[in-house]
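Protein sequence lines, in the order shown, are assigned to chains A and B.
The opening residue of the first sequence carries number 203 in this note's numbering; numbering runs sequentially from there.
The opening residue of the second sequence carries number 203 in this note's numbering; numbering runs sequentially from there.
FYI, nobody ran anything at the bench for these hints, they're computed from the structure.
Careful, some of the hints might be misleading.
If we take Cβ atoms under 10 Å as the criterion, some of the chain B residues that face chain A in the derived model are [claimed, not checked]: (1) H218; (2) G245; (3) F310; (4) Y330; (5) N334; (6) I336; (7) G340; (8) R347; (9) I351.
Pair by pair, the computed Cβ-Cβ distance ranges are [claimed, not checked]: (10) A/T274 x B/S303: 34 to 44 Å; (11) A/E255 x B/E352: 10 to 20 Å; (12) B/S303 x A/I217: 24 to 34 Å; (13) B/S278 x A/G318: 44 to 54 Å; (14) B/N299 x A/R228: 34 to 44 Å; (15) A/A285 x B/I272: 39 to 49 Å; (16) B/I351 x A/G318: 31 to 41 Å; (17) B/N224 x A/P323: 38 to 48 Å.
If you want a taste of the chain B side facing chain A, the calculated C-beta under 10 Å gives, among others [stated by the list, open to error]: (18) G244; (19) I298; (20) Q326; (21) L329; (22) V332; (23) D333; (24) H338; (25) Y345; (26) L349; (27) G350.
In this text the structure is predicted, and so the values were computed from the model without any measurement.
For every residue, glycine included, the Cβ atom is placed at its ideal position computed from N, Cα and C.
There are 2 protein chains.
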Amino acid sequence: MNANAKVLDSQQLLIHWQGHRNLTRRVIEAFPEKDLFGFSIGGMRPFSKLVLEMIAIGGPALKSIVEGTINTFDESFNPTTKAELLTKWDEETEIINEYFSQITEERFQETFNLFGQYEFPIYQNILYFVDNEIHHRGQGYVYLRALGIEPPFFWERER
Amino acid sequence: MNANAKVLDSQQLLIHWQGHRNLTRRVIEAFPEKDLFGFSIGGMRPFSKLVLEMIAIGGPALKSIVEGTINTFDESFNPTTKAELLTKWDEETEIINEYFSQITEERFQETFNLFGQYEFPIYQNILYFVDNEIHHRGQGYVYLRALGIEPPFFWERER
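One chain only, chain A, in its complex shape:
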């Protein structure tokens, strides 16, 4: 076994995640503004709220991991327009790039108590952020289909 063999490196994981974030951004754009904030199925949250959950996780979590501080989970940001939501999304894109790149590969196997509640290895926390985004975005796809709107292709991750 080559000691340098690895499933993927941290830069590849960042590119993977940002590819998903590109797709999520295009799903946000695909919603009519009123449906982004108002449409839902079966008592679920509208897509804007699902996106706000993603925004409350990614950047703040990475900042906390890099700085070693325990921040509480904060979902107080409450935009009322698609433009505001997209502006925040793009700000978080830069924050994620900045902080992700400061996590040395050695740290991914370390345990971190995220938001003072989720004590798992850092690689599991980061996979959770990506998985949670895919999960909720998949729900957004159903909302779009129910609205008669064709969602972006799932496999297209580039801008």
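Got chain A; can you put chain B on it based on the hints?
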């Protein structure tokens, strides 16, 4: 930089995927049989068809990667009961364990032409299988909510 540092190793990725597969199995179980095969929203496929796509990918793809053979994508398995679908799901669980463990860590960065169409590094192909499952399972969550059924918790991955 420690040369042994890694984001995660292949066994951790397998555990991560099988955790997701446990959850997907519980989502299948949560559907009433007739809705599993018949219910959908916005012209989408019923959940059984989404699950059959997952079944057509995971095990066959790993077998192909390990054996170095190019198999065509085959979605011909067509069960009509939940029990048949779950039996096949559990068979694939064993196939995935068997073949995944035969992929040496060196190979994850190699390119493989999956199903003769998807020429990507093996780590990207495998992340795609997991992501595709999360995406479609998230859609299944909306179907369950629309049917008035509480889905399993997203963060519970153990049996």
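Here's how the hints hold up against the structure:
About 6 Å separates the beta-carbon of B/H218 from the nearest beta-carbon of chain A, less than 10 Å, and the hint is met. Proximity of B/G245 to chain A holds as hinted, the smallest CB-CB distance being about 6 Å (cut-off 10 Å). A least Cβ separation of about 5 Å between B/F310 and chain A falls short of the 10 Å threshold, and the interface hint therefore holds. This hint holds: B/Y330 has a C-beta 8 Å from the nearest C-beta of chain A, less than the 10 Å allowed.
This hint holds: B/N334 has a C-beta 7 Å from the nearest C-beta of chain A, less than the 10 Å allowed. Checking B/I336 against chain A: minimum C-beta separation of about 4 Å stays under 10 Å; hint holds. Interface restraint check for B/G340: the shortest CB-CB distance to chain A comes to about 3 Å, inside 10 Å, so the restraint holds. The closest approach between the C-beta of B/R347 and any C-beta of chain A is roughly 3 Å, which is under the 10 Å cut-off, so the hint is satisfied.
At its closest, the beta carbon of B/I351 sits 9 Å from a beta carbon of chain A; the interface hint therefore holds under the 10 Å criterion. For the pair A/T274 and B/S303, the beta carbons lie near 40 Å from each other, so the given range of 34 to 44 Å is met. Between A/E255 and B/E352 the Cβ separation comes to about 19 Å, which falls inside the hinted range of 10 to 20 Å. With their beta carbons about 27 Å apart, B/S303 and A/I217 fall inside the hinted range of 24 to 34 Å.
The beta-carbon spacing between B/S278 and A/G318, approximately 50 Å, falls within the hinted interval of 44 to 54 Å. A C-beta distance of roughly 36 Å is found between B/N299 and A/R228, which places it inside the suggested range of 34 to 44 Å. Evaluation of the 39 to 49 Å hint for A/A285 and B/I272 yields a pass: the beta carbon distance comes to about 47 Å. Between B/I351 and A/G318 the Cβ separation comes to about 32 Å, which falls inside the hinted range of 31 to 41 Å.
In this structure, B/N224 and A/P323 break the distance hint of 38 to 48 Å, their C-beta atoms being roughly 19 Å apart. At about 3 Å, the closest approach between the beta carbon of B/G244 and any beta carbon in chain A falls short of 10 Å, and the interface hint on this residue holds. Given hint, B/I298 at the interface with chain A, is violated; its Cβ is 16 Å from that chain's nearest Cβ, farther than 10 Å. With a cut of 10 Å, the hint placing B/Q326 at the interface with chain A holds, because the nearest CB-to-CB distance is about 8 Å.
Nearest Cβ of chain A to the Cβ of B/L329: about 6 Å, under the 10 Å cut. The hint holds. Because the smallest distance between the Cβ of B/V332 and any Cβ of chain A comes to about 8 Å, under 10 Å, the interface hint for this residue holds. Interface hint at B/D333: satisfied, since its Cβ lies 5 Å from the closest Cβ of chain A, which is below the 10 Å cut-off. Because the beta carbon of B/H338 sits about 7 Å from the nearest beta carbon in chain A, less than 10 Å, this interface hint is met.
The closest approach between the C-beta of B/Y345 and any C-beta of chain A is roughly 8 Å, which is under the 10 Å cut-off, so the hint is satisfied. For B/L349, the shortest C-beta to C-beta distance to chain A is roughly 8 Å, which falls under 10 Å, so the interface hint holds. Residue-level restraint check for B/G350 holds (minimum Cβ-Cβ distance to chain A is 7 Å; threshold 10 Å).
Hint violations for this structure: numbers 17 and 19, all remaining hints satisfied.
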